[in-house]
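Make the complex out of the two chains shown on their own, each in a separate frame, by following the hints.
In the order they appear, the protein sequences are chains X and G.
Be aware that the first sequence starts at 1, since it is given in the working numbering, and climbs by one per residue.
Be aware that the second sequence starts at 1, since it is given in the working numbering, and climbs by one per residue.
For the record, the hints were derived by calculation from the structure and aren't laboratory data.
Be a bit skeptical, because a hint or two may be false.
[Said to hold, decoys possible] The calculated DSS-like cross-link candidates involving lysine-lysine, where the alpha carbons are at most 30 Å apart (straight line), are:
| # | chain 1 | residue 1 | chain 2 | residue 2 |
| --- | --- | --- | --- | --- |
| 1 | G | K134 | X | K131 |
| 2 | G | K176 | X | K129 |
| 3 | G | K114 | G | K134 |
| 4 | X | K124 | G | K107 |
| 5 | G | K107 | X | K67 |
| 6 | G | K107 | X | K129 |
| 7 | X | K134 | G | K115 |
| 8 | G | K107 | X | K131 |
| 9 | X | K124 | G | K176 |
| 10 | G | K107 | X | K65 |
| 11 | G | K176 | X | K67 |
| 12 | G | K134 | X | K134 |
| 13 | G | K114 | X | K134 |
| 14 | X | K131 | G | K122 |
| 15 | X | K128 | G | K176 |
| 16 | G | K134 | X | K3 |
| 17 | G | K122 | X | K3 |
| 18 | G | K176 | X | K11 |
| 19 | X | K128 | G | K134 |
| 20 | X | K67 | G | K134 |
| 21 | X | K65 | X | K128 |
| 22 | G | K134 | X | K11 |
| 23 | X | K3 | G | K176 |
| 24 | G | K176 | X | K131 |
| 25 | G | K176 | X | K65 |
| 26 | G | K122 | X | K124 |
| 27 | X | K134 | G | K122 |
| 28 | X | K3 | X | K129 |
| 29 | G | K122 | X | K129 |
| 30 | X | K65 | X | K129 |
| 31 | X | K134 | G | K107 |
| 32 | X | K134 | G | K176 |
| 33 | X | K128 | G | K107 |
| 34 | X | K129 | G | K134 |
| 35 | G | K122 | X | K128 |
| 36 | X | K67 | X | K131 |
| 37 | X | K3 | X | K131 |
| 38 | X | K124 | G | K134 |
| 39 | X | K67 | X | K134 |
| 40 | G | K134 | X | K65 |
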Amino acid sequence: MSKINFINIMKSFFLGVFIGICLNAGSHNTFWEWLYIALIGGLIGFVIGGITEVATAFLPISIAKPKIYFLINGLIAVGVAVVVFLLINHFFNAKSMTTEDIVKFVMIIMIINLANILDYFMYKRANKKLKIYKERIEE
Amino acid sequence: MDIGLSCSQTLRDKFQEIAAGRDIRIVDDARFVLVEAGFPQPPGRICIVFTGDDYLEVMDLLMKGTAEETIISNTIAGFHNNRYMVIDIGDILYIHSDGSEIRCVTKTHTCFLKKTLAYYEKSLYHRGVLRINKSQLVNMMNVREIVPWFNSRYVLVLENQVELEVSRLYARALRKALDI
Chain X
1 MSKINFINIM
11 KSFFLGVFIG
21 ICLNAGSHNT
31 FWEWLYIALI
41 GGLIGFVIGG
51 ITEVATAFLP
61 ISIAKPKIYF
71 LINGLIAVGV
81 AVVVFLLINH
91 FFNAKSMTTE
101 DIVKFVMIIM
111 IINLANILDY
121 FMYKRANKKL
131 KIYKERIEE
Chain G
1 MDIGLSCSQT
11 LRDKFQEIAA
21 GRDIRIVDDA
31 RFVLVEAGFP
41 QPPGRICIVF
51 TGDDYLEVMD
61 LLMKGTAEET
71 IISNTIAGFH
81 NNRYMVIDIG
91 DILYIHSDGS
101 EIRCVTKTHT
111 CFLKKTLAYY
121 EKSLYHRGVL
131 RINKSQLVNM
141 MNVREIVPWF
151 NSRYVLVLEN
161 QVELEVSRLY
171 ARALRKALDI
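The shape of chain G in the complex, shown without the other chains (with noise of 0.2 Å):
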């Protein structure tokens, strides 16, 4: 995603700071500009004004615009057997990482990712793909039954009879994003 920046040299700074973690870049003539009030509108192009004090809003709706962009594709990329191949999302059952690995359990394979388990957690957020632990991800898709346990955890029944444990604290988010 290109964005334009016309403002002062401190926002654009914290600006820059955002986009280098991210796909984002910062070029002079791109078709949407962030504009500070008071500084000059470039002709031609879709200026989005802001203020100084709501530029953090601006932020977040750039870190919001471009973590949605990761997830418009329907597949993810993961190794097997010494090869690469496209995991489609539906088919993903659940995320794991065991130290440096990240391991992807689909329907019928299971594979390597290369990326982390915090990059799938936000791009797959709106894929129905959730935190459920301090080492898991689960296709809420492939959940065929919430099962309630002691201690205010929750088990996961897959489609496959897997069973996955939402620890306490992920328990939250998960009611949360459920609206439970």
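Here chain X stands alone, though its shape is the one from the complex (with noise of 0.2 Å):
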């Protein structure tokens, strides 16, 4: 338990805002749904942030690989979109999607990849900046 970062799971609340901010954009709603929906996003955030940092706590470091890493983060965005997508075709049928609501989803999707990209050019920074470090320590 001591390994959960529990800031993580509020980034993760505030991407799930932020997605439900996204979901917003356009739309006719009220201030009262559009905040009802910011936070719905939010909320799912959170869960899905929660259970992520839990999950990934037990991983053993024995494993850790770049590669690996960002298989992992692949998979929680894949799981993220599936779960997604069951929640949008269970509340709302499916034959009844619009193409609205599948952008909607693209976006999600869209969204949460690029935070792993993010991720990924981060990795690259860190070790171009250790190669910086050594040159000057060397200095």
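Next comes the structure, spelled out in structure tokens:
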């Protein structure tokens, strides 16, 4: 439990809120509907973030490799997308899904993937900084 | 390091307290003298004048100065097979605290060290040896790759393929040191 970072869970909450705001974009919802959707997004983000933090705390560092880290991240993204798709399918009959709904669904996946791509660039940056640090110490 | 003091008794006591835990000797004929404003400046010496308000900065400077002094050497002393040996700092992979024992793992040996982990953390910081969790220091010069890991942790892959975990608490310090 000590490995769990609650800040990360809060970040997931705000990512969920952001996705909720994106889903609201262009709609003619009232303020309360807008707030409701954003908070639901945040709640889903909070739950997914919490599950992810707890589940990944049990992963041994012996398997820590960049490929495995990004593979697991990708699998989490796919998992989240599937959950969202199933929820949409359950609550709003899939047959009645409009092009707008599909665009929103794709948008969610894109935001999650964007976070993963950003993470990949952070990994590259960290190793570049390590090289610079070594050069600085050598001097 | 020898320093002289020309200040009030209160500050003298504080400086002596700091000096006691470090490699600083307070002597009368030192080349450098810390002079509190308003107190006499000894002739023929290098005087560093400070006011009563900024004495904390002087103490900080003194502590940093003496910390740097401990890393002038490129080697540290270790104990291996009942013999003392000289360890090149560049050869150190990581230093591990295991209860009361401090083990130093180098490219070729594992030997024991005499001082505390906190001592090596402070004295080798400027040589690229950083604390990565509560019981380990790692020589960043021998780190091959930084692998991001879950729960805001990192895993450092060393030149000899050993993997060490950077705990969440020390990951922040690592990011700061590397300017990530």
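Worksheet item: Straight-line Cα separation of K122 (chain G) and K128 (chain X) no greater than 30 Å?
Response: Distance ~25 Å between K122 (chain G) and K128 (chain X) Cα, so the pair holds.
Item to complete: Quickly compare the C-alpha distance for K67 (chain X) and K134 (chain G) to 30 Å and report which way the hint goes.
Response: holds (28 Å)
Item to complete: Measure nothing beyond the straight line between the CA atoms of K114 (chain G) and K134 (chain G); if it is 30 Å or shorter, mark the hint as holding.
Response: With Cα atoms ~18 Å apart, K114 (chain G) and K134 (chain G) stay inside 30 Å; holds.
Discussion item. Next pair to validate is K129 (chain X) with K134 (chain G); report whether the Cα-Cα distance is within 30 Å.
Written reply: holds (24 Å)
Worksheet item: Between K67 (chain X) and K134 (chain X), does the CA-CA distance stay at or below 30 Å?
Response: holds (24 Å)
Discussion item. For a C-alpha distance cap of 30 Å, please report whether K107 (chain G) and K131 (chain X) respect it.
Written reply: Cα-Cα ~20 Å, so holds.
Worksheet entry | Hinted pair K3 (chain X) and K129 (chain X), Cα distance within 30 Å | Given that 30 Å is the threshold and the Cα spacing comes to 25 Å, the pair holds.
Worksheet item: Is it true that the CA of K65 (chain X) sits at most 30 Å from the CA of K128 (chain X)?
Response: holds (17 Å)
Worksheet item: Quick one, are K122 (chain G) and K3 (chain X) close enough, alpha carbons at most 30 Å?
Response: Judged against 30 Å, a Cα distance of about 26 Å means the pair holds.
Worksheet item: Are K114 (chain G) and K134 (chain X) close enough, with their CA atoms no more than 30 Å apart?
Response: holds (27 Å)
Worksheet item: Can the restraint linking K122 (chain G) and K124 (chain X) be considered satisfied, given a maximum Cα separation of 30 Å?
Response: holds (29 Å)
Discussion item. What's the verdict on K131 (chain X) and K122 (chain G), does the C-alpha distance respect the 30 Å limit or exceed it?
Written reply: holds (22 Å)
Consistency with the previously given hints is maintained throughout, with no hint failing.
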